[in-house]
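K.L.:
Residue numbers (the numbering used here), protein chains in the order written: chain D, 1 to 118; chain F, 1 to 115.
A couple of the hints might just be wrong.
Computed, partial: chain F to chain D, Cβ under 10 Å [to be verified]:
| # | residue |
| --- | --- |
| 1 | C91 |
| 2 | S94 |
| 3 | G101 |
Now the stretches of chain D that chain F is said to cover, found in silico as 3 or more residues with beta-carbon under 8 Å [as the list claims (entries may be wrong)]:
| # | segment |
| --- | --- |
| 4 | 40 to 46 |
| 5 | 106 to 118 |
Calculated from the structure, these hints are not laboratory results. For glycine and all other residues, C-beta sits at the position ideal for the given N, C-alpha and C.
Listed below are the residues making up each chain.
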Amino acid sequence: AQSVAQPEDQVNVAEGNPLTVKCTYSVSGNPYLFWYVQYPNRGLQFLLKYITGDNLVKGSYGFEAEFNKSQTSFHLKKPSALVSDSALYFCAVRDSKGRGSTLGRLYFGRGTQLTVWP
Amino acid sequence: DVKVTQSSRYLVKRTGEKVFLECVQDMDHENMFWYRQDPGLGLRLIYFSYDVKMKEKGDIPEGYSVSREKKERFSLILESASTNQTSMYLCASSFLLSGRGWEQFFGPGTRLTVL
Numbered sequence: 001a002q003s004v005a006q007p008e009d010q011v012n013v014a015e016g017n018p019l020t021v022k023c024t025y026s027v028s029g030n031p032y033l034f035w036y037v038q039y040p041n042r043g044l045q046f047l048l049k050y051i052t053g054d055n056l057v058k059g060s061y062g063f064e065a066e067f068n069k070s071q072t073s074f075h076l077k078k079p080s081a082l083v084s085d086s087a088l089y090f091c092a093v094r095d096s097k098g099r100g101s102t103l104g105r106l107y108f109g110r111g112t113q114l115t116v117w118p
Numbered sequence: 001d002v003k004v005t006q007s008s009r010y011l012v013k014r015t016g017e018k019v020f021l022e023c024v025q026d027m028d029h030e031n032m033f034w035y036r037q038d039p040g041l042g043l044r045l046i047y048f049s050y051d052v053k054m055k056e057k058g059d060i061p062e063g064y065s066v067s068r069e070k071k072e073r074f075s076l077i078l079e080s081a082s083t084n085q086t087s088m089y090l091c092a093s094s095f096l097l098s099g100r101g102w103e104q105f106f107g108p109g110t111r112l113t114v115l
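One chain only, chain D, in its complex shape (with noise of 0.2 Å):
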C-alpha cells in the first residue's frame, strides 16, 4: 500500500538559513511524488513535483527537492527561509502501478508546520 511519512510536526529556522522538511514514501512501482504548501485558512497551493529523470526538481518560491531512490525520500529544501515561507507543507505519492478508478489518487503525509522566524 502507498503511504507517506513526514516524521516532523514542526520545523523552526532562522531567516536566511536553509530549510529543509522531510519526507519517505513507500509505494510498490515507481513513485511519483509532490510537495504542496498551505497558508493559513486557505487551500493547498502545488510546488514541485517529481515524475522522472534528474533527481532535483525544481519549483516555485525558490524550493526544490531532492529524489533519493534507495532512501526513499524525496527532501524539500530552500537554500534561505523567509519569514513568508512560514506555512503548513504536506507530501504526497501517487503509485506508477495504480489503474482503474484509482488513477490520479494521491497519498497525503500529516503535513509538516515550518515556523522561519526573523
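Since the structure of chain D is provided, determine the placement of chain F on it from the hints.
P.N.:
Relative to the frame of chain D, chain F by itself:
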C-alpha cells in the same frame, strides 16, 4: 490558471441538517476529490470521482455521499450533519491521464461548523 471554486468559505449548520458543499473546476479535469482536514490528522480522502456519475469511496466515506452530474461539478452531501463533521473541507481536481500531469489543484476550502 486552473481554478477550483467552492460554494462557501464558512458555513454554520445545526445537528441533523442536510448540508451541501459544492465544488466547480474550470480545467476540464476528469478527476475530482473531496477531503477533510483536521489538526494532526492531515488530509483524509472522503470520496473521489473519475467521470460523470462515477464515484469511489475514499478512506472515510461514512456519513457522506457525493454527486457528479456534470464534469465540472462535484458535490459533497452530509445527509444528517453531526458535530464530529465539524472540519475544513477541501475539494481538488486533476487530469486522469499520465501525460497531462497528476498534480491536484485545490479549492480554497470550506470551514464547516456543526452546532
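K.L.:
All hints are to be evaluated individually against the structure, with a verdict given for each.
P.N.:
Against the structure, the hints:
Given the 10 Å rule on beta carbons, the hint for C91 of chain F holds: about 8 Å separates it from the nearest Cβ of chain D. For S94 of chain F, the shortest C-beta to C-beta distance to chain D is roughly 5 Å, which falls under 10 Å, so the interface hint holds. Here the hint on G101 of chain F is kept, as its CB sits about 8 Å from the closest CB of chain D, short of 10 Å. Counting residues of the segment 40 to 46 of chain D whose beta carbon lies closer than 8 Å to any beta carbon of chain F gives 6, which meets the minimum of three for the stated coverage.
For the segment 106 to 118 of chain D, the stated coverage by chain F holds: 5 residues have a C-beta nearer than 8 Å to a C-beta of that chain, and at least 3 were required.
The structure agrees with every numbered hint stated previously.
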